[in-house]
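K.L.:
Listed below are the residues making up each chain.
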Amino acid sequence: MKRATLDTQTSGTNGDLPPTVPFWRDPDKRGMVFQIVVLLLALSIGYVLFTNTQANLKRQSIATGFGFLQREAGFEIGDPAIAYTAADTYSRALLVGALNTLKVSFVGILLTLLLGVIVGISRLSRNWLVSRLSGGFIEVMQNIPILLQLFFWYALFYEAFPAPRQALNPLPGVFLCNRGLIFGVLADHPVHSHMLIALLVGVFGWWLLARWGHKVQDNTGRILPIHRMGIGLCLLLPLLLWLFAGAPTALNIPVLKGFNFSGGVTVSPEFSALLLGLVLYTSAFVAEIVRAGIQAVDRGQVEAAMAIGLRPGQVLRLVILPQALRVIIPPLTSQMLNLTKNSSLAIAIGYSDFVSVANTTINQTGQAIEGVALIMAIYLCFSLSTSVFMNWYNKKMTLVER
Amino acid sequence: MRFSRLMALVAAVSLLCSGMAFAGKDLDAVQKKGFIQAGVNGGVFGFGMPDKNGVWRGLDVDTAHAIAAAIFGDANKVKFTPLTAQQRFTALQSGEIDVLTRNATRTLTRETQLGLNFVAVNYYDGQGFLVPKKLGLKSAKELDGATVCVLPGTTTEQNAADYFRTNNMKWKPVVIENTTELAKTFFAGRCDVLTSDASQLAGTRAVAPNPKDYVILPEIISKEPLAPAVRHGDDQFRDVVDFSVLAMINAEELGITSKNVDEMLKSKDPVIQRFLGVIPGNGAALGLDEAWAYNIVKQVGNYGEVFERNVGVNTTLGLERGLNALWTHGGLMYSPPFK
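Just so you know, the sequences run in chain order E and A. For the first sequence, position 273 matches number 273 in our numbering, and the numbering has no gaps at all. For the second sequence, position 110 matches number 1110 in our numbering, and the numbering has no gaps at all.
Quick caveat, the hints were computed from the structure, so don't treat them as lab data. Be aware that a few hints might be false.
Unchecked claim - In silico lysine-lysine, DSS-like type, Cα no more than 25 Å apart, as pairs:
| # | chain 1 | residue 1 | chain 2 | residue 2 |
| --- | --- | --- | --- | --- |
| 1 | E | 257 | A | 1033 |
| 2 | E | 215 | E | 58 |
| 3 | A | 1184 | A | 1170 |
| 4 | A | 1268 | A | 1223 |
| 5 | A | 1033 | A | 1052 |
| 6 | E | 257 | A | 1223 |
| 7 | E | 257 | A | 1079 |
| 8 | A | 1133 | A | 1079 |
| 9 | A | 1134 | A | 1212 |
| 10 | E | 257 | A | 1077 |
| 11 | A | 1077 | A | 1033 |
| 12 | A | 1184 | A | 1172 |
| 13 | A | 1172 | A | 1141 |
| 14 | A | 1052 | A | 1133 |
| 15 | E | 103 | E | 257 |
| 16 | A | 1133 | A | 1077 |
| 17 | E | 257 | A | 1170 |
| 18 | A | 1133 | E | 257 |
| 19 | A | 1266 | A | 1339 |
| 20 | A | 1172 | E | 103 |
| 21 | A | 1170 | E | 58 |
| 22 | A | 1172 | A | 1138 |
| 23 | A | 1025 | A | 1052 |
| 24 | A | 1077 | A | 1134 |
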């Protein structure tokens, strides 16, 4: 057994003279040596950089360590996702920044996927106008640098909309001005969190229904209106709970007070501009990926699907997309990562994302190395979790297809 | 072949690293380089901003010219790096620039934790608020609930947080890194207030579409001693930068201007003779040419000239000397003896 493996290893290079090959001619051993050399080199470069940095920091007497995280931050954040004041610590400020990045990336990715798939599919539409329009969209959005787009959208928000006192009021309780989109919401009530749970239960029920429906279809061929039932479930459960709680209808309506509106929910121009810029820019790339993925599916597949009497929508959903996804998912993952990373351009238009908060922290404490390490760690964390999820999804899609 | 390339790489890397570890004294490095790399503000009128022809102008720019005149005898041996408030200290720490002349406030933590040394103050400032006239505000105390435009990573940002906290007022910051972009946002009405050092507010108002529509509120909520800074680790270089600033102030005290400096060389006053290097000693003590102070005054001017040229009452900014007058005129500008 051992003998056999040795043979197969060496047979590639030098026939049947295994023991006499000097080790520098053996590609396996040579490869190993090179790998060790590279590893040692990398380690020693790392060591030199580390000690050199330490020495330089000491020479210039720059403070080091993460102790600063527990000190009071002393600066405000404009658009915090969780409660935050200037009296909180740097670690809380950084958490707010991380959540802001997460918020804009998450919403951004969802919208990008939606828009990208729609544009990508319409690029292939047989309707001349639809196909040209989406072609034009892709060309324009791909070729204008994202930073420029962000400046444009932000300027549009603060230049085009009036001051709060002259705010547009398209619907009762909804105001649009250069402070953002401000709208009324239901006043806080404990039942709201329960309704959220009910919604999640509804989604889970939908999933169970879908599984059951597939089984029924496999066994009997009958197609049940599963999705209509699922949507009903998702709406009905929270609604019942709300009625049960006495149907609270108290509203938190924004009112103009002093400089600005108080109450209600505000979507700031900074967030909107960043989201819009990221979504439009990235979705152009996603659209191209989707188009390429669909075109990669053999034409015969479409013909075969049509031949067995599927409608065009079904052809797309049941035959083309599952196969196209194999081609689409890997580049799609990298576009998602791009969007997350590009969100750090937020600093140019005043949205307090992680990089912006971390930069301010670095500036106030002077701890650039720790700050940059934190930025790297956070983005690495975001990127890795995105790609782990996408790899899992990719694997799942390939399995389903077999 | 491949291996030798690898060896070359190792050699190159180790060379690079040793170079980093034993970087020479800052002054030696600057002299060897032949010019001084100065970090300045890219967009504050009167302090650091390129004019229509791309020539850097401003009080901080002239301070850098003075340092070059002292070291090289030529005020033009400066290269300018425009830096944002967030980049400035890291640029200095990492050696990207030799000296920071960019309206930075000297504070305790910056001096101790950032590994920087601030030198003599070249402008005494304080933080104020700029608001549109049409809001009809009389005092900063009426700013409860306001949206405030502010540069991120500045003492201004912290002062504003402190001020609103002590006065029990709510506010919302809009932080944009680029000074010009921030001003544009303010003029478009995204914020009710722009807060910054009073001198910068004057500079911003000067470039407003309609300067008369804006007013600076009376409250000055902080002390902002703006001073050039160098890295820790080279005391000699620090002294050179420090005394280059002080030389401009001293020249004004002694009544020496760029116009009369050649006359003054013939002065019988030993204080002036020592200052201008007619009696040698000061230059050698700093490790510079004896004519260093003469070069500063001749090529850049004394502090009063530099002030009037960049920010004074006859410029667009129209700032009074105020705190920045000589101590003999009720201000804070005071130079130690040059002996």
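K.L.:
Are the Cα positions of residue 1266/A and residue 1339/A separated by 25 Å at most?
P.N.:
The given pair, whose Cα atoms are some 18 Å apart, holds under the 25 Å limit.
K.L.:
Can you confirm whether the C-alpha distance between residue 1172/A and residue 103/E stays at or below 25 Å?
P.N.:
holds, 19 Å
K.L.:
Are residue 257/E and residue 1079/A close enough, with their CA atoms no more than 25 Å apart?
P.N.:
Given pair residue 257/E, residue 1079/A is violated - Cα atoms ~50 Å apart, limit 25 Å.
K.L.:
Starting from residue 1033/A, check that the Cα of residue 1052/A is at most 25 Å away, please.
P.N.:
Roughly 29 Å between the alpha carbons, so the hint for residue 1033/A and residue 1052/A is violated.
K.L.:
Next pair to validate is residue 1134/A with residue 1212/A; report whether the Cα-Cα distance is within 25 Å.
P.N.:
Between residue 1134/A and residue 1212/A the Cα gap is close to 11 Å, so the pair holds against 25 Å.
K.L.:
Are the Cα positions of residue 257/E and residue 1077/A separated by 25 Å at most?
P.N.:
Roughly 56 Å between the alpha carbons, so the hint for residue 257/E and residue 1077/A is violated.
K.L.:
Does the structure keep residue 1025/A and residue 1052/A at a Cα separation of 25 Å or less?
P.N.:
violated, 37 Å
K.L.:
Run the distance test for residue 1184/A versus residue 1172/A: straight-line Cα separation, threshold 25 Å.
P.N.:
Holds, at about 18 Å.
K.L.:
Given the hinted pair residue 1133/A and residue 1079/A, is their alpha-carbon gap at most 25 Å?
P.N.:
It is violated: about 40 Å lies between the C-alpha atoms, which goes past 25 Å.
K.L.:
Holds or violated: residue 1172/A with residue 1141/A, Cα cutoff 25 Å?
P.N.:
Holds, at roughly 15 Å.
K.L.:
Does the structure keep residue 1133/A and residue 257/E at a Cα separation of 25 Å or less?
P.N.:
Given that 25 Å is the threshold and the Cα spacing comes to 19 Å, the pair holds.
K.L.:
Given the hinted pair residue 257/E and residue 1033/A, is their alpha-carbon gap at most 25 Å?
P.N.:
violated, 59 Å
Hint compliance for this structure: hints 1, 2, 4, 5, 6, 7, 8, 10, 14, 15, 16, 21, 23 and 24 are broken, all remaining hints hold.
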